[in-house]
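*Asks:* Protein chains in written order, with the numbering used here: chain F, 230 to 342; chain V, 2 to 114.
For the record, the hints were derived by calculation from the structure and aren't laboratory data.
It is possible that part of the hints are untrue.
As the list claims (entries may be wrong) - Across the chosen pairs, the derived CB separations fall in these ranges:
id, chain 1, residue 1, chain 2, residue 2, range
1, F, 268, V, 6, 30 to 40 Å
2, F, 245, V, 16, 25 to 35 Å
3, F, 230, V, 11, 45 to 55 Å
4, V, 17, F, 246, 24 to 34 Å
5, V, 29, F, 271, 36 to 46 Å
6, F, 309, V, 40, 27 to 37 Å
7, V, 52, F, 243, 21 to 31 Å
8, F, 291, V, 17, 48 to 58 Å
9, V, 41, F, 341, 16 to 26 Å
10, F, 232, V, 74, 37 to 47 Å
11, F, 244, V, 39, 23 to 33 Å
12, V, 97, F, 289, 19 to 29 Å
Said to hold, decoys possible - A partial selection of chain V residues facing chain F, derived with a Cβ cut-off under 8 Å:
id, residue
13, 43
14, 49
15, 51
16, 52
17, 54
18, 57
19, 61
20, 105
21, 106
22, 112
23, 113
A virtual CB, placed ideally from N, CA and C, is assigned to each residue, including glycine.
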Amino acid sequence: AQSVTQLDSQVPVFEEAPVELRCNYSSSVSVYLFWYVQYPNQGLQLLLKYLSGSTLVKGINGFEAEFNKSQTSFHLRKPSVHISDTAEYFCAVKSLGNNDMRFGAGTRLTVKP
Amino acid sequence: NAGVTQTPKFQVLKTGQSMTLQCAQDMNHEYMSWYRQDPGMGLRLIHYSVGAGITDQGEVPNGYNVSRSTTEDFPLRLLSAAPSQTSVYFCASSYRVSQETQYFGPGTRLLVL
Numbered sequence: 230a231q232s233v234t235q236l237d238s239q240v241p242v243f244e245e246a247p248v249e250l251r252c253n254y255s256s257s258v259s260v261y262l263f264w265y266v267q268y269p270n271q272g273l274q275l276l277l278k279y280l281s282g283s284t285l286v287k288g289i290n291g292f293e294a295e296f297n298k299s300q301t302s303f304h305l306r307k308p309s310v311h312i313s314d315t316a317e318y319f320c321a322v323k324s325l326g327n328n329d330m331r332f333g334a335g336t337r338l339t340v341k342p
Numbered sequence: 002n003a004g005v006t007q008t009p010k011f012q013v014l015k016t017g018q019s020m021t022l023q024c025a026q027d028m029n030h031e032y033m034s035w036y037r038q039d040p041g042m043g044l045r046l047i048h049y050s051v052g053a054g055i056t057d058q059g060e061v062p063n064g065y066n067v068s069r070s071t072t073e074d075f076p077l078r079l080l081s082a083a084p085s086q087t088s089v090y091f092c093a094s095s096y097r098v099s100q101e102t103q104y105f106g107p108g109t110r111l112l113v114l
């Protein structure tokens, strides 16, 4: 079965600084990869997804992620964060042929003024 | 469209009680799923359904039952609640089972005493 590891449980960063949230996955077959964001007391919403094609994926709110098959990674980046980006971010993987999606434990991003 | 709705928002149960968490979607999505979210563990899949009349187990199915009699509804039943089932429960849906984006409900916070 596929699995996901988010390498940082908490990432504090100052406003307007760049940020990278790290995600590694494990799967014996090809995968689809996702990043979701959860704002306080809300459900999850999709930031971006990689299905195939270009390994650099752009999402909403200025976020982007790069699929690296050799490193089995899908790190999320933003060149300049805002206070409003404070939230929990989840990486998720779905293997081809499987009907279920596996989520990482989450990374809490805190943007400080 | 209301999207994915969940009721109740919050529930307190005593050990041994049973209850049903309701989930409905009005987007004609084939795929529906239930997750539980616990601190430091991300989201874990409980059960999922790829269409009316079809359900399957996820990562943590013990203590929960589901059914899918209609495309719109996917209730989650706790047969005999235990303190270990204290969690936040999210329902999600997507148009198809494959690589489609999942849309999440607002969640149900459950406390089992």
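*Asks:* Does each hint fit the structure? Answer for all of them.
*Replies:* Do the hints match the structure? See the list:
Our hint of 30 to 40 Å for residue 268 (chain F) and residue 6 (chain V) is violated, since their Cβ atoms are close to 18 Å apart. Our hint of 25 to 35 Å for residue 245 (chain F) and residue 16 (chain V) is violated, since their Cβ atoms are close to 49 Å apart. For the pair residue 230 (chain F) and residue 11 (chain V), the beta carbons lie near 32 Å from each other, so the given range of 45 to 55 Å is not met. Hint check: residue 17 (chain V) to residue 246 (chain F), Cβ distance near 51 Å, so the stated range 24 to 34 Å is violated.
Between residue 29 (chain V) and residue 271 (chain F) the C-beta distance comes to about 24 Å, which lies outside the given range of 36 to 46 Å. Under the hint 27 to 37 Å, the C-beta atoms of residue 309 (chain F) and residue 40 (chain V), about 29 Å apart, fit the expected range. For residue 52 (chain V) paired with residue 243 (chain F), a C-beta distance near 48 Å fails the hint of 21 to 31 Å. One distance hint, 48 to 58 Å for the beta-carbon pair residue 291 (chain F) and residue 17 (chain V), holds here, with the actual separation near 49 Å.
For residue 41 (chain V) and residue 341 (chain F), the Cβ-Cβ distance of about 22 Å falls inside the hinted range of 16 to 26 Å, so the restraint holds. For residue 232 (chain F) and residue 74 (chain V), the Cβ-Cβ distance of about 31 Å falls outside the hinted range of 37 to 47 Å, so the restraint is violated. A C-beta distance of roughly 30 Å is found between residue 244 (chain F) and residue 39 (chain V), which places it inside the suggested range of 23 to 33 Å. The hinted range of 19 to 29 Å is satisfied by residue 97 (chain V) and residue 289 (chain F), whose Cβ atoms lie roughly 22 Å apart.
Of the supplied interface hints, the one on residue 43 (chain V) holds, with its beta-carbon coming within about 4 Å of a beta-carbon of chain F, less than 8 Å. Evaluation of the residue 49 (chain V) hint against chain F yields a held restraint, the C-beta minimum of about 6 Å falling below 8 Å. Hint on residue 51 (chain V) holds. Least Cβ distance to chain F is approximately 6 Å, under the 8 Å limit. At a threshold of 8 Å, the smallest CB-CB gap from residue 52 (chain V) to chain F is about 11 Å, leaving the interface hint violated.
Given the 8 Å rule on beta carbons, the hint for residue 54 (chain V) is violated: about 15 Å separates it from the nearest Cβ of chain F. Hint status for residue 57 (chain V) relative to chain F: holds, with the closest Cβ pair at about 7 Å, below 8 Å. A cut of 8 Å between beta carbons decides the hint on residue 61 (chain V): the least distance to chain F is about 11 Å, and the hint is violated. At a threshold of 8 Å, the smallest CB-CB gap from residue 105 (chain V) to chain F is about 4 Å, leaving the interface hint in force.
Given hint, residue 106 (chain V) at the interface with chain F, holds; its Cβ is 6 Å from that chain's nearest Cβ, closer than 8 Å. At about 15 Å, the closest approach between the beta carbon of residue 112 (chain V) and any beta carbon in chain F exceeds 8 Å, and the interface hint on this residue is violated. Because the beta carbon of residue 113 (chain V) sits about 20 Å from the nearest beta carbon in chain F, more than 8 Å, this interface hint is broken.
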